[in-house]
Structures are given as structure tokens and as C-alpha cells.
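Take these sequences, add in the hints, and give me the full structure.
If you read the sequences in order, they're chains A and B.
Each residue of the first sequence is one higher than the one before, counting from 1 in the numbering used here.
Each residue of the second sequence is one higher than the one before, counting from 1 in the numbering used here.
What the hints contain is simulated information worked out from the structure, not anything from laboratory work.
Warning: the hint list may mix true and false statements.
Identical chains share a label here; the pair holds if one copy fits it or two copies do between them.
With a Cα cut of at most 16 angstroms, we get these calculated EDC-like pairs of lysine to aspartate or glutamate [what the hints assert, rightly or not]:
#, residue 1, residue 2
1, K92, E155
2, K151, D22
3, K151, D20
4, K157, E172
5, K72, D87
6, K92, E65
7, K151, E65
8, K134, D100
9, K92, D29
10, K134, E34
Number of protein chains: 2
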Amino acid sequence: MHPIIYDVAVSIDGFICGPDGDISRFAQDGAVVEDYSARLQNYATAIMGRATYEFGYRFGMQAGENPYAHMKTIIFSSSLELPDATDVATQKSCDAATIDAIRRRSEGPVYLCGGGIFAGSLLAMGQIDILRLKRAPIILGDGVPLFGDSKTPPELKHTETQGYDDGYLFQEYRVLHA
Amino acid sequence: MHPIIYDVAVSIDGFICGPDGDISRFAQDGAVVEDYSARLQNYATAIMGRATYEFGYRFGMQAGENPYAHMKTIIFSSSLELPDATDVATQKSCDAATIDAIRRRSEGPVYLCGGGIFAGSLLAMGQIDILRLKRAPIILGDGVPLFGDSKTPPELKHTETQGYDDGYLFQEYRVLHA
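Quick look at the structure:
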């Protein structure tokens, strides 16, 4: 069973994007982004909600395209429509058996790409093992919370912090499952 | 003009307390609390909203008592009722002239004690200069957000990070006023 890792940029007030999915205030380059890109190479499967996948359309990604070519990408949605020829998989149900099967079949750690609501669902199911937060030196004030509207408060164990010159902090936590 | 410093414990998802003001999951002792206590000695004036002041009643504080004996304490409220003999001051209006006067008259940095809604109001007024966050290794999922319902997103400059053995991080930021 491979771990599920939520590797995400977050403002100091806990938002992963501003209103209307705005991520323009997060760093687009620099050491924190380079380290994140390096981590991505170690993830074998990407899982995400529909809105996160479709967010890529704004940047020219085509429907059915795989945003992470070296990973198997699975989009959780009951309504996403993709062309017949697609490089990604879709998954309608988000139950424990489905998630466990993805962990088992993955050839390495599973990258939870977002968004906040999907992450909150997985957190509530006890299906997030590691948090890797890129803590941005910004206040957003509004937008999508780190865990959507999930009110699940699991215990954490802090495992790593690294600072960057631009004020970013990398914070890693292990989620302690009951 | 002395700075206003918001020195507060916050969960990784951005809450300063859980539902019903619950702070039981934040550290009550250890190095992060000792360092916070040491910082408190350098603050000359404490400002807070009514709910934050009255929160002290749960721990045996009497109405009118000053929770920070070495500071001048000012509670912003239009409705708080205190006995005639009181060790704290109340302030009904929260306009810029009032806050500026407090900064000028203070004998040192002004400690913004909370809560989130009051902090959000001051943030929106451009009246917070420094954030000192005790980032707790906990998820709360619900409660009072760091800046209440304020949607003001000022720019920050990260100035300091310090880690603690128990997984807490001290994060300091300067608020860049436009």
C-alpha cells in the first residue's frame, strides 16, 4: 500500500487558491517550485477532483490530456466528459475500497493534487498519510480552504521544515490514523 | 507610533481556536509557550475584542481584571459591562484615529491578542504591522479563522522562522502597507 501525499501550496490563512481558483499570488518559480517539481518525479499516481483537472484547461491543457505524463492520473468525478482517446482515467466512486485499490496498484507514492474539497473527503476517510505544505508568505483572505469544508481534525506529527529565501516554508507532517 | 503585533497560535488550516473557542489542542507548555511568554514582557499595551476578553472568565478571571498585569489592556466593545473599579479600559469605536492614538500613547509595542474578527477588522484598516504565528502541528477543521471573515489580502514579508521539538513553528511576517 503506497501512501497518499497531499503536496500543496497554502497561504498563511489556509487557502490553496483565491476566489475563482486564482493562484497568481503563489510562486511560479524559484527553489520552492524546483523542489516541488523534483518531488513530483517520485510520485507514480496523481489523483484529483474534477475542478482541479479542468483548471488545467485555462492553461491550454486539452480534455483527456495527462497533466503529469510520468504518472497515472485518475480524476474523481461522476460527470466529467472526456474524449474516447484519453491519457487519464476517471473514477466515479470515492469509497475506501476504490482508494485502497489505487494505493495497491500504484508503482509509488500517490500524489493528491487537490482540490480542497476532494482533499477534505479523503482526510475524513483517513486516506491522507502525508501533508507536504508549501506555506506561502501571503494572506489570501478568501478562496478554497486547505481541506474544503471538512471538519475532520486528525492528529499530526511534524516531520520536516525547510525555509526558502523568498519566505516560503516547506512543512511536512505525517497524519496519525486512529 | 508603536507597531501592532498579532501574536497568535494557529492550526495548519488557519484556525486560532476550534468550535466554541476550544483551545485545548494547542500547546499549554513547552518552549513555544515559554518564548511567547517572554515576548509578552516586551509588549506594553494589549488590545482585544470582547469575546477574547470574556474567554478569560472560563479560567477564573473576574470582570474588570487585567489579564496582563504589566500591560495597559484595552477591550474594544460597545456592550461590555464591567464593574466601576476595573483594571482595564474599554473602547467603543475602532476607527483609525482611535487606533493611532493607542499606538502613540503606548510605551512599547501593542499586542493584538485577538480574536479573529477583531484582527480581521484591524487588518482591513491597515493597522497590523507584524504577524507572529505559532503554527501548531494540528488540523482543527472548524472554529475561528485567523482573520475572521476579513477578505483583505495585504502583502507580507517573511522575517523569521524558528522550529520547536514538538512540531511547532514560530513564523514572523511584516505586513507591507500600501
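Kindly indicate which numbered hints from before are broken by the structure, ordering the numbers from low to high. 1, 6, 7, 8 and 9
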